[in-house]
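Chain A is already provided as a structure; the job is to place chain B on it using the hints.
This is what each chain is made of:
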Amino acid sequence: MKFIELKNVTKTYSTGVTALADLSVEIEKGEFVFVIGHTASGKSTFIKMLYREEKPTKGSVIVGGVNVAKLRNGRVYKLRRKIGVVFQDFKLLPKLTVYENVAFALESLGMKASEIRPKVLKAIEIVGLKEKVRSFPHQLSGGEQQRVCIARAIVNEPKLLICDEPTGNLDPETSKEIMKVIENINKEFKTTVIMATHDKDIVNRMKKRVLLIEHGVLTGDYLKGSYKSHEGA
Amino acid sequence: MKALRIIGRSIRDAFKSVFRNFSLSIASILCATITLLVVAIVFVVAANVNNATESLEQELSIIVYVEKKASSSDIEYLEGAIKNVEGVNEVVFISNEERVKDLGESNASLGSLIESYETNPLLNSFTVYVTDSEKLDVVTNEIRNMDFVDSANYGDEAVDTILSVFDVVKTGTLVVVVALIFVTAFLITNTIKLTIYSRRNEIEIMRLVGASNTAIKMPFVFEGFTIGLLGSLIPIITVIYGYIIVYAKLNGKIITDIISLINPYNFIFYIALIIAGLGAIIGMFGSLLAVRKYLKI
Numbered sequence: 001m002k003f004i005e006l007k008n009v010t011k012t013y014s015t016g017v018t019a020l021a022d023l024s025v026e027i028e029k030g031e032f033v034f035v036i037g038h039t040a041s042g043k044s045t046f047i048k049m050l051y052r053e054e055k056p057t058k059g060s061v062i063v064g065g066v067n068v069a070k071l072r073n074g075r076v077y078k079l080r081r082k083i084g085v086v087f088q089d090f091k092l093l094p095k096l097t098v099y100e101n102v103a104f105a106l107e108s109l110g111m112k113a114s115e116i117r118p119k120v121l122k123a124i125e126i127v128g129l130k131e132k133v134r135s136f137p138h139q140l141s142g143g144e145q146q147r148v149c150i151a152r153a154i155v156n157e158p159k160l161l162i163c164d165e166p167t168g169n170l171d172p173e174t175s176k177e178i179m180k181v182i183e184n185i186n187k188e189f190k191t192t193v194i195m196a197t198h199d200k201d202i203v204n205r206m207k208k209r210v211l212l213i214e215h216g217v218l219t220g221d222y223l224k225g226s227y228k229s230h231e232g233a
Numbered sequence: 001m002k003a004l005r006i007i008g009r010s011i012r013d014a015f016k017s018v019f020r021n022f023s024l025s026i027a028s029i030l031c032a033t034i035t036l037l038v039v040a041i042v043f044v045v046a047a048n049v050n051n052a053t054e055s056l057e058q059e060l061s062i063i064v065y066v067e068k069k070a071s072s073s074d075i076e077y078l079e080g081a082i083k084n085v086e087g088v089n090e091v092v093f094i095s096n097e098e099r100v101k102d103l104g105e106s107n108a109s110l111g112s113l114i115e116s117y118e119t120n121p122l123l124n125s126f127t128v129y130v131t132d133s134e135k136l137d138v139v140t141n142e143i144r145n146m147d148f149v150d151s152a153n154y155g156d157e158a159v160d161t162i163l164s165v166f167d168v169v170k171t172g173t174l175v176v177v178v179a180l181i182f183v184t185a186f187l188i189t190n191t192i193k194l195t196i197y198s199r200r201n202e203i204e205i206m207r208l209v210g211a212s213n214t215a216i217k218m219p220f221v222f223e224g225f226t227i228g229l230l231g232s233l234i235p236i237i238t239v240i241y242g243y244i245i246v247y248a249k250l251n252g253k254i255i256t257d258i259i260s261l262i263n264p265y266n267f268i269f270y271i272a273l274i275i276a277g278l279g280a281i282i283g284m285f286g287s288l289l290a291v292r293k294y295l296k297i
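Protein chains in written order, with my numbering: chain A, 1 to 233; chain B, 1 to 297.
So here's chain A without its partners, still in its complex pose:
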């Protein structure tokens, strides 16, 4: 079953730069997909389009049956509730504890406190931060902060987890651990994961589907691919 479908998507910014040109791709439910490419290749635009941070200039972006391209600004939040997003820079609120950071997402949806508590604790447990519930972000290591970010992304049990270079700021060992967490979420909850990354080791080791974007064009789509397969090495 197609979960995400991009058809002839073109994105031209107001500066005149074309970030994506006539890109079409389909992603099934429960898939784990890497999106790779150089800086400024258009992969960030691709990722941002999935959670409607950017709108395509042409073409359609369908996520879970909704044409994101046609979504009105005032209704974007409905899409976002079905999607979890993990960032390179974590984007945690410094003045909230781990628990509050994760609960924040549910609170802003107006959920009952009695419903929030078990969900938050479960999400924190999944990422393995049970002991740090009361810590503040500045008391955590980078890897731990990224786990909080993941917990926040999955707390509402989204169908889609988007990761924008989640290991970009982490050392290789920590990156491995983070990848384990994300892979587990993908396996256990059948959450579709789309991850933009620069990290060759991760891509090569995990043998998942790889989308290669170069100069705004999809130049490769490899099942169980790796960085090597398109570099010809």
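Everything labelled a hint here was simulated from the structure, so no lab data went into it.
Even glycine gets a Cβ: it sits at the ideal position worked out from N, Cα and C.
A few of these clues could be false.
[Stated by the list, open to error] Have a look at the derived ranges for each label pair, beta carbon to beta carbon: (1) A:K2 <-> B:M1: 28 to 38 Å; (2) B:I237 <-> A:K82: 49 to 59 Å; (3) A:Q139 <-> B:L295: 50 to 60 Å; (4) B:L233 <-> A:V66: 43 to 53 Å; (5) B:M1 <-> A:R134: 23 to 33 Å.
Same frame as chain A, now just chain B:
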């Protein structure tokens, strides 16, 4: 139920963030305090200036002298006719005997001189008050043309000058008050923008986790409301106590006995209410404007 929970959390978060971002909140509150204090003082002064000009205008009247030959029934008829003129508020008859008495009281020698006459040389008169000082001119002319009227006067040019000066003063105070409200709104809005700018990450995260725009705006709106209200506290206290003390010191009069200050009770509380409302509303809209910038609406 869900909406209530969001509102409840918004209020809680508003208070939390006023204290968590204490230095910035203090900056916004102080800005509101200073500007609202100026507004409050200008309000009080403007209201008093307005009050003074109005009470002075009400004192303006037309003196109508009645011809000697008029009989008492003629005078009665004339009084009725004057009362029927449009714009006339009140007509007071002053007989020539009364006028002699008044004259004698203010100037004894002049009084005894007049009393030495066989017949009273003074004329009967009416004092005519109008509803609107602008109409003095028209009403006077109409009365002049009536039978049995010897003359009718209101001080013409001198009064016209005073009235036009009053008009300038009134428009001037209005312009100052309106301009000041705009400046206040601008200043408060901008300091609140600064506090929100420092929290754009928070707004971005709320958007990303799927909070609706209303849910994002609400805590900030409550925060702006709180800041505006807290900022109006000192101006309100200052203006209430200040005005009551000034009023008592001056015995409610200023410069002359004719110009009285507005009685502080009720008046000063209306001013307080206006200042509190102004602070709260400007705070709310200031935050709303600032948040909208980061919402991509």
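Hint-by-hint comparison with the structure:
In this structure, A:K2 and B:M1 meet the distance hint of 28 to 38 Å, their C-beta atoms being roughly 37 Å apart. At roughly 52 Å, the beta carbons of B:I237 and A:K82 sit within the given window of 49 to 59 Å. Distance hint check for A:Q139 and B:L295: the Cβ-Cβ separation is about 31 Å, which falls outside the suggested range of 50 to 60 Å. Take B:L233 and A:V66: their Cβ atoms lie about 49 Å apart, and the range 43 to 53 Å holds.
For the hinted restraint 23 to 33 Å between B:M1 and A:R134, the CB-CB distance of approximately 29 Å keeps it satisfied.
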